[in-house]
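K.L.:
Model the placement of chain B on the given structure of chain A, informed by the hints.
Here's the letter readout for the chains.
There are 2 protein chains.
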Amino acid sequence: MLAIGMMSGTSLDGIDVALVEISDKKEASIRVSLLDFVTYPYQEKTVARIRDAMSLKHSNVLLICQLNVELGKLYGKAAKQMMEKHDLSGADIAYIANHGQTIYHDPTSEFPSTFQIGESAEITEITGVKTLSNFREADIAAGGQGAPIVPFTEYQLYHSSEKDRILVNIGGIANLTILARDGNLSSIIAFDTGPGNMMIDAAMQKFYQKKYDDAGKIAASGKVNQPLLNELMDHPYLSQQYPKTTGREMFGEEMTEALFQAYHLLPEDWVATFTAFTAKSLCQAFATFSKQHLEVIVAGGGAYNKTLMDWIRLESQCDVLTQEALGYSSEAKEAIAMAVLGKYTLEHTANNVPSATGARHAVILGKITDVR
Amino acid sequence: MLAIGMMSGTSLDGIDVALVEISDKKEASIRVSLLDFVTYPYQEKTVARIRDAMSLKHSNVLLICQLNVELGKLYGKAAKQMMEKHDLSGADIAYIANHGQTIYHDPTSEFPSTFQIGESAEITEITGVKTLSNFREADIAAGGQGAPIVPFTEYQLYHSSEKDRILVNIGGIANLTILARDGNLSSIIAFDTGPGNMMIDAAMQKFYQKKYDDAGKIAASGKVNQPLLNELMDHPYLSQQYPKTTGREMFGEEMTEALFQAYHLLPEDWVATFTAFTAKSLCQAFATFSKQHLEVIVAGGGAYNKTLMDWIRLESQCDVLTQEALGYSSEAKEAIAMAVLGKYTLEHTANNVPSATGARHAVILGKITDVR
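Order-wise, the sequence lines are chains A and B. With the working numbering as the guide, the letters of the first sequence map in order to residues 947 to 1318. With the working numbering as the guide, the letters of the second sequence map in order to residues 947 to 1318.
The shape of chain A in the complex, shown without the other chains (with noise of 0.2 Å):
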């Protein structure tokens, strides 16, 4: 059967629209292609309104529950494009898993929270398909993070039995997923690393008033300084127990900063070492697997930096792929993910996983907004 799987992340981007055909009968293992994805961007002023919404000093009630409906309107809207593009009917597809803009996600207060908007009515009005949403807050019902929600789609496309697969994305912060060969659902790890681009695109950003390091060729110039990468790799969080998560608090300008007044380096040494740091602080992650079995599948912006790939490969000494080279897309694997979890939901199968998120048990995510 066809589905339509949506994803749009924090970045703000916009709206990543993935058509899907879909194994329709429960099978031990699921079967997805993906026939076209397509990301349509938001506007300037659309931005702008989920920025105010984010922010405690201009968010409103108002501001909310209109952008709710706004937000609804354009994925609505991107999801008929895409079935408009193919011709297909509200009939033609079983369902749409909108995941929605997070403006909070606070898992760690009195109320642990989450918040998503992009209502649903709105979208099954616009194409006359049932819409599933609001994919976060069960988990946190039971006690979890509301997050990672990927590794279970991780777990029903990658598993292997043959080989330990480490699913690893490598944004700004870089997170991974253990999918063990004798492994099952309930033992799955999942936690980020550490920083993934942050730190080198902060130097790249001050030394050369660039964005990124256009396939790590700054970083192969230049040389990693050994007592700052030893100092790096004493960073407290390395060796926290998972479930762990980070982020710009934790490896963002504030920690650079301070670096650059501590240490003084060549341009290009900053640039390498921390893409070392990067490379050594994910490898490290998964150093006790043996390395016999072991392959490791890379996503994001990351994978296009060569030198971080190779120094990947250098330390950890196993098969490093990317999402292409297993013919699936680094870009629409979110918006995937969500027509996959979208299934589950359907089924009425628990589709979180505690022992990445830690949920106290597994719940069935999402909630259904049906059509006539």
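Since the hints were derived computationally from the structure, they do not count as laboratory data. If you're wondering where the values come from, they're calculated on a predicted model, not measured in any experiment. Incorrect hints may appear among the rest.
Given that identical chains are not distinguished, each listed pair holds provided it fits within a single copy or across any two copies.
DSBU-like cross-link-like pairs, simulated, lysine-lysine; straight-line CA separation at most 35 Å [said to hold, decoys possible]:
1. Lys1026 - Lys1190
2. Lys1003 - Lys991
3. Lys1169 - Lys1023
4. Lys1003 - Lys1252
P.N.:
What follows is chain B alone, placed relative to chain A:
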């Protein structure tokens, strides 16, 4: 089967919980019996937080995000208490249908929208029961006002092929639902008729420092001022075509204060005249119906005002009953309505009333949060 309906109104009194037995087959007419009804009052600190969340000035994304969970837990606990009172487990209850707390309702702006909070995933977590929520968004997405939602249930429970039934609710504002004996779901008329107790209460407050006219005694002791009543009956709202809705902006303090300046009446005559205005404006709304087959059923605080009820009988010259006279409960009415709406949602059956809300077409209201 057993189900729970929950309502928490804009009066912020608390959580109305109705435990009902509901016919579990699809039938021409649904049967519902109320097994128990309890209102769990909100604590003052909760009321204060809800008021902040409703306020443009004091609301922000963090408050709304957390209050959604906080209320969800309260709703879950309220339902759970009802279940424990009757020794019922999650498996005994087919579903919970929860209205949630409205913190914004703005159906007329560029982005018509409505906002009910009280996280359903928290309710499922606490009760172990499948929970339905968000019953207004789909009607708004279809171009309706998202309100009223009670007429659907009124039709299911009160429609008769022998009598034209008019269901009246006299709160601050008075509204009615007309169920013609030869009509069906798509011919329902429902609208606000004008003031209910609002103007009477304003006069009681000003001249007697009391909240309301107990049993209509003051009105009974006064004399209706005909020129004032004539002026009131000329109010343009009364001749406006339905669907129409009114509120405190029209018949509130501003209007009564202006009248108190312009006319000089005895205190009891103010109360009598305003009582007559409520009765007359209400009865005018169904004056064209043949008296012979007409039955008027009144709910709300106004049903306890004997003088008002007498004058409605006098003016309409037809049978005027209370909910209780028919074996129903005035105070549980809306919570029961949620349970009835929820049953249709789960049966994939449309349950809005486009002729009452102004929607372009029928939709299935609500979102379903499933439980393992």
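K.L.:
Would you pick out the hints that fail for this structure and give their numbers low to high?
P.N.:
3 and 4
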